[in-house]
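There are 2 protein chains.
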Amino acid sequence: MTTKPAIGFCGLGAMGFGMATHLVSQSYPVTGYDVYAPTLSRFASAGGTPSSSLSESAKDKAFYICMVATAAQAEQALFGTDGIVAALPQNAVLYLTSTVPSSYAQSVSKKLEDIGRSDVYFIDAPVSGGAIRAANGTLSIMAGASGAAFEKGKWLLDELTAPGKLFIVDGGVGAGSNMKMVHQVLAAIHIISVSEAFGFAAGLGLNGKEVRDHVIGGKAWSFMFENRSVRTLAEDYFPGASAVTIILKDTGIITSMANLVDFPVPLCATAEQLYITGLNKDYGANDDAGLVRLWTTEPVASIQSSRSDDEKKAKLELVSDLLIGIHLVAAAEGVSFAKHLGVSLGQYYELCVEAAGGSAVFKEQAPKMIDILEGKQNEGEASLKSYRDALKAVVTEARNQRIPLHLGNGALSLMEQAGKEGDFTSLLKLYSVE
Amino acid sequence: MTTKPAIGFCGLGAMGFGMATHLVSQSYPVTGYDVYAPTLSRFASAGGTPSSSLSESAKDKAFYICMVATAAQAEQALFGTDGIVAALPQNAVLYLTSTVPSSYAQSVSKKLEDIGRSDVYFIDAPVSGGAIRAANGTLSIMAGASGAAFEKGKWLLDELTAPGKLFIVDGGVGAGSNMKMVHQVLAAIHIISVSEAFGFAAGLGLNGKEVRDHVIGGKAWSFMFENRSVRTLAEDYFPGASAVTIILKDTGIITSMANLVDFPVPLCATAEQLYITGLNKDYGANDDAGLVRLWTTEPVASIQSSRSDDEKKAKLELVSDLLIGIHLVAAAEGVSFAKHLGVSLGQYYELCVEAAGGSAVFKEQAPKMIDILEGKQNEGEASLKSYRDALKAVVTEARNQRIPLHLGNGALSLMEQAGKEGDFTSLLKLYSVE
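Chains as they are written, first to last, in our numbering: chain A, 10 to 443; chain Z, 10 to 443.
Hints were generated in silico from the structure; no laboratory data involved. Bear in mind the structure is a predicted one, so any value in this text is a computation, not a measurement. Each residue gets a CB set at the ideal place from its N, CA and C atoms; glycine is no exception. No incorrect hints appear here.
Where chain A lies over chain Z, by a calculated footprint (3+ residues, C-beta under 8 Å):
#1 279-293
#2 425-439
Straight-line distance between alpha carbons at most 35 Å, and here's what the computed DSBU-like set of lysine-lysine pairs gives:
#3 A:Lys-119 to Z:Lys-401
#4 Z:Lys-13 to Z:Lys-163
#5 Z:Lys-438 to A:Lys-438
#6 A:Lys-385 to A:Lys-429
Isolated chain A (complex conformation) (with noise of 0.2 Å):
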C-alpha cells in the first residue's frame, strides 16, 4: 500500500468542507484548520484529522490548501501571527483556492519573496461548482502559476477536479484569479436573476414548483437555476449552502476592477445592488437562494394559481423569456469583459459552459459572440429582435403587475441601446470600450 502525502487544509465552509472530505474519502491524510469549533468535530466524523491551530495544520505538509473566503482572511491566514507559511516546510506547494482580486494573488507570490520563502510554490486556483461537485472531486479548477509549481503540484488539482475540468491558465499567478473573475461575471447576474424570476413568477401567481419544472432542460436553464431553486423552494436559505455574502464579495471584485480599467458591466452593478439591498435586510448570513424574499415574502413552493392551463403556460413562457433575455446578455456582458482583460475566450466558453455560470443561452449564443470579437466570420443567426421583443413583453408584464425586474430591464435597456436592427456585434459593441 503506498502512503499518499498529507495534505494541510484550512477554509472548511460549504466549498472547503467539500473539497478537504473529499481528499480525505481519497485516502488523503488531511489535516483541516477552521475557525468554527463545530465544523472541525464534524470533519473528524469524516474521517479528517482536525488542527487546532493555523500552524499546526500546516506544519510538516508539503500540499497545503486555502479556502477561505476573502483576500483579507488568506492575508490573515496566510502570513498573520501564528499564520500558515511560517509553519509550512521547505518547497512546500501552496493553492489559494478562494476566490480573490487577482492582483491578491500576484500580492501573494510578492510577500513569499520579500520574507524569504520564495521557495514555497505558490498556485492560485479558485474554483467553481458548488458544494456538491467539491464533495465530488469534480469541480471546475483555473489555475494559474509557474511552470515548476504545476510541476509539483497540478496532481493534486486534478484529485479535486472532474476530468478536463482544470484549467491551466496562461499567465501565471493572478491568471487563474482572473479566469475565476470573469466566470463570475455569469454567476454573480445568474444568481439574482433565480430569485427575479421567482419573485416575477410570485406576481403572476405562479407556483415555484412549477416554473422549476418549466425552466429546467429548456432554454432558460441555468446551472444557477437548477442549483438554487432547490433552495428557493425548499426555503432552505438558513443558513442553506452559498451565502449572500459570498456572492456580494465575488461581484465586489468584478465590479471594483471594472472600474479600475474603465470597462462598462451593467448588469453585474444591478446585481451588485441587490445583493447589497440583501446584506442591509440582513440576508447577508443566509442562502443567497434567499434573496426572492427581496420580492415576496410568500413561500414560492406554496402559490396556489387558479389560472387555466393554457394561461399558466404563457405566464410560465414569461418567467422563461425574463431568464432567457437575462442570460443573454450576461453572456455578452462576461464574453466582452474577458476580451477586455485578454483572457483566452476559447477556455472561457470552454470552463463556463460547464461550471456554475453555465447557462443553456450561453451553450448556445457564446460561441456566436466569441466569433464575432475574434473578427471571424459569424455564420450563425445573431439578430436580438426576437430576445427583445420578448423580454419586451416579460417588463410589460411586470409593469402592470407592479413588480420590479432589476435586471430584467437592465437587460433590455442595453438591447435598445443595440439599436432597433440590433444583433450580436452591436449588442457586443455597447461593451467595446477604449
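Starting from the structure of chain A, add chain Z where the hints point.
Relative to the frame of chain A, chain Z by itself:
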C-alpha cells in the same frame, strides 16, 4: 366691476387644489368636484363652490379644467356616467391638465368627435412646478391644441402660469402631453435621486440638514432636491404633497412609450423599479420623498455625525458628485428621447430649465448636448472624464460602505459605455438608436 367667467374643475388633489384656489383668489367663480368629500369642505372654506357631482360641476361652464391623476380617471370623469362632457355647454373649452400618454390625449379628441361633441375646444395641457407654484399661479404648462382652441382658451392657461412659462407646443393635441412626458424623464430620475442621495449620505453618517445646505445653491442642485428635501428632513410623507403613485404613473408613461418605439431609457427604467419597490412596501400613498426609507429607517435629520469638519466636507462632496453624475446622464436621456420623438429641443430646454425637471447640471450642460444633437459646432468643454472619475469615487465608497446606489451605478455604467475618452457625443450616441 367685470364679472369673470365661471370655471368648472375636477380633481382637487395637491396640484388641482392649488390651481383651483388660485383661480378663486383671482376672483373667478370656480365650481369644483372631487371624489374625496373632506377636500370639498376645504375647497368651500377657500372660497370655491363645491359640487356634488361631475355633471353639476360642468353644467353651464364655458371653461372646464380636468386635473385628475390618471388617464383612466380622466376617461371615467370625461365620458363616464354622469360625466363632464355630456354636461358641458356648446363650444366650451375643456382643458386636460393631467399627465397622460399623448395617445390618450389624442383619443379624447377623437372621442369628442365620435360622440358628436366636436364643438368642444379641447386643450391638452399638462403642468409642472409643484403644489406651491400651482397655488401661486406660477406653473409651467405645456399645451397642444388647435389654433381655434387656443384663441378661445389660452387666457386661462395664462392665469395659471408664470410669465414666459406657458409653452404652446407645435403639433396639436398630444404635443403637450408628449412634451410633459420628456420633461418627466428628468423628474422621474431626479425625484428618486433625492432619496438615493440622502440614503447614501445617511450611510456615510451625514446629517440630512447639512446635506441639504451643501446641495442647495451648488452644482448638485435640482428643483426636485430643493422641493423634496424639505419633506425628507421633516419626514412629511403622510401623505405629503406628491404621492409615489403619481411619479410611478408618469414613469410608466415614459417607459411604456420607450418600449413602444424601441428607445432605451435605462435610468428611467431603474427609477421605475425603485418606485415599484416602494409601492410594494406600501409607500404608494406617501410622499415620494419618503422613498429614502428604501435606504434607511433612521430619520436623516437626526443623524449625529462624529466626523471632523474636513472629513465631513469630503463626504458631502461625494453626495454632491452622486447627484451631479445622475443629473448629467438624466439630461442626456431627456434630450435624446425628446430628439427621438421630434420634440423641439430649444423649447424643451427652455421649459425644463425652470420647471420641476430643472437642475444646475441641466442648465449648464444640456445646451451643449442639444448643439451636438442638432449637429452644431460644439464650443464648450464636453469631456465625461471629470464626471466619471467623481462618480467612480462615489460608487467605490458606496461599495465599501454597503450602500446600494441604483442610479449612481446606472449612470456610471453609461459613462463607462461611452468609453475611456468618452465625451458628451459618445454619451449621446448610446441613445442614438436607429
